[in-house]
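Now for the letters of each chain:
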Amino acid sequence: MNIMRRLCQWGAIAIILLLPLISRGGALYQAFGPGATHVKSLATPWEYFLYKSYAFSFGRFDDPVALSDQFNGGYWSITLFGVTISDPLALLGHALAGLTIHWPLLVGALMPIIIAVLMGRVFCGWICPVNTILELNAKFRRWLERKLIHIRLPTALAPLQSRYLVLLAGIIISTIAGVGIFGFILPYVGLVRDWHLVVYGGAFGFGVLFMVVLMAIELVAAPRLWCRSLCPTGLVLGLLGRKRLFGIKPHPSRDCLQGCHLCAKVCPVGVDPINQLKTEECMMCNACVTQCPSDVITLGLTTGQAKRHSHSVTALSIAFALVFLAGSSFEAKSHHIKGLPHYGYLENYPQTPTFELQATIAPYDIIVVTYLLEGLDKSLAATPDDAMSYVTITNKETRKPYTGRLEIEFQPKNGSSATTRFFLEPLEETVYRSRVTLSANSYDMTLRILDEPQRQVTIHLDLSPGLNWWLIASALAAIGALSTVILLGVNRRHRPARPRTQ
Amino acid sequence: MSSKDHNAENGVKRREAIAIAATALGSLIAAAMVRSEAAPKKAVLRPPGALLGSDFSAACIRCFQCGSVCPSQCIQFRSLSDGLTEAYTPYIEPREIACILCMKCTEICPTDALTPITNDPEVIATEVKMGTAWVNEGLCYSFNDRICGVCYYACPYPDEALRLGEGARPYINEDACVGCGNCERACIHLPQAVRIEPASEVPS
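Protein sequence lines correspond, in order, to chains U and H.
So the number in my numbering is just where the residue sits in the first sequence, counting from 1, plus 504.
So the number in my numbering is just where the residue sits in the second sequence, counting from 1, plus 123.
Don't read these hints as lab results, they were simulated from the structure.
Check the hints yourself; a few may be wrong.
To be verified - These stretches of chain U come out as covered by chain H in the derived footprint (C-beta under 8 angstroms, 3 or more residues): (1) 593-602; (2) 607-620; (3) 680-692.
For each residue, glycine too, the CB sits at the ideal point set by N, CA and C.
Assemble the whole structure, with the sequences as input and the hints as a guide.
Written out as structure tokens, the structure is:
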């Protein structure tokens, strides 16, 4: 059973890691594959690798591109074989944010809900990647304690009821702010989101940061904090599964060892398995089943009339399988419009601006477009290390450009008075261009329109490769919230431990 | 139950009440903060069929499926630094990659934040309104006596949305333009002389 669970966990992680690769590979196959017009040599090595892998794996199918359309998304909302399944909390957040229920989304969330009703938190114990990672984290913690540092690390246990507070906060924020907030904090959503962004050429962000912080907290202070006491998904799934048909149960004829109670010690979510069989916390992680010295606890159907229910469970499984098969037999309906112009390059070099700043002084609209010549073959560029900034000033009312004189001034932010100043005449197509070498710093760029009534506007120009303060502030806020919950839980209300007697 | 236990029980109850009240208050403050930073600095071009303004940020669950199904890989996602209402919502930067109007994203969207639109050029012409192109005549080569006309050949609805006048000068028909951004992507001028103004953030 435990091997099956491990297979499920790592299989789920493998599928989730593969999905964005398949999606992007399909798009690249459409761009570079047979009959396409894109030039392969303009692909980055990563894109070329993805394209080649996709062509190798799926190229033999009839329509490799349509195949990739049937596999999409992540835990929050996933499309497998053309069937979309969504997280119950995505449904909840969406319903609260827009105060509507979207029926297709409800249908998509139905399968996880039914599984939770039948089997409780089986998603947590068998699929969720955060649980997989944090289980390993807890194992590492035990190894540290025993083999390396030889002291017991502090164990703060937040109360299990903290999850209700997290859910409450999520409900309030989602409703009032009009944004489904759960997806932002749930680490299993964040990890998938970050992986998607990485596959599509971005960088790891808040999801990974949050996960690292969580792992650190669980390692040194509060083992299994998230899954035990904070995760709103676990709470919702557990509440749905209060009357579940499948779970841990005592063996009908075997008895506990006197004074053993190992099951309560190993339980990651703080359940006392032998005394509380149908709690909403149990996530069927199998820890008590494998650790029990006398094999009293087993995993299976939890009702006395096992036979009848096993039939209904079998029937339901068959129904799910049929839904999957029906969904996968749908043909992908959408096809490309033929005859639209396609260009032979994916990266629209060098027209992709590095950044663009905008300002308005009525009636003028000012756009400063800056290009770093990174995408170019540098040996061809005259000034490869310069950035190019173009200033265009347009009269919004007449939609005609301003063609008078312009003064540009760069004032460094760090207090130095090394001001750079230009007076500019427009070029042929009324773009203002000048060359300036600026060091990495923050600048106030002041534009003065010198003709007609004089106007000026200051644009903040940040050339310093600074830290993402927003990200750091969010992580600190998350840490603060977590520590508050831990502090609230200082009264460790253990459930009374009564060994089962006959 | 002894009176000491009773007091302890009351203490736990009070603690719980305080915790619930603090959570409610904290989340109210957080929600107010999210709402106050909600006004976006700059409207972005959404994928086709998108709801407008706050309707979109409420309906989008940030599942990223539109971005992964997009065959031209034009759909990008906003970052956390754009604010919580905008974070991880899809947008298109037409100068980088423009929308090819395949409508796959509208089909896959699980919440209809992108309203489903049939992949038929005539339906697309009437139902898609991502934005409107406008030509900056001061920048455009053709308006400055150098014949260009590249945008015309990129437009999926040539002569309807974009027609060429004398000297290959582009003229936009604002009603017929769907705002896909292929003209902006094709423009050979730096910075682009034809630009897409995203559909108004105010619901019509």
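Hint-by-hint comparison with the structure:
1. Residues of the region 593-602 of chain U with a Cβ under 8 angstroms from some Cβ of chain H number 5, which satisfies the need for three, so the listed coverage holds.
2. Counting residues of the region 607-620 of chain U whose CB falls under 8 angstroms from any CB of chain H gives 3; the rule of at least 3 is met.
3. Requiring three or more residues with a Cβ within less than 8 angstroms of a Cβ of chain H, the coverage given for the region 680-692 of chain U holds, as 8 such residues are present.
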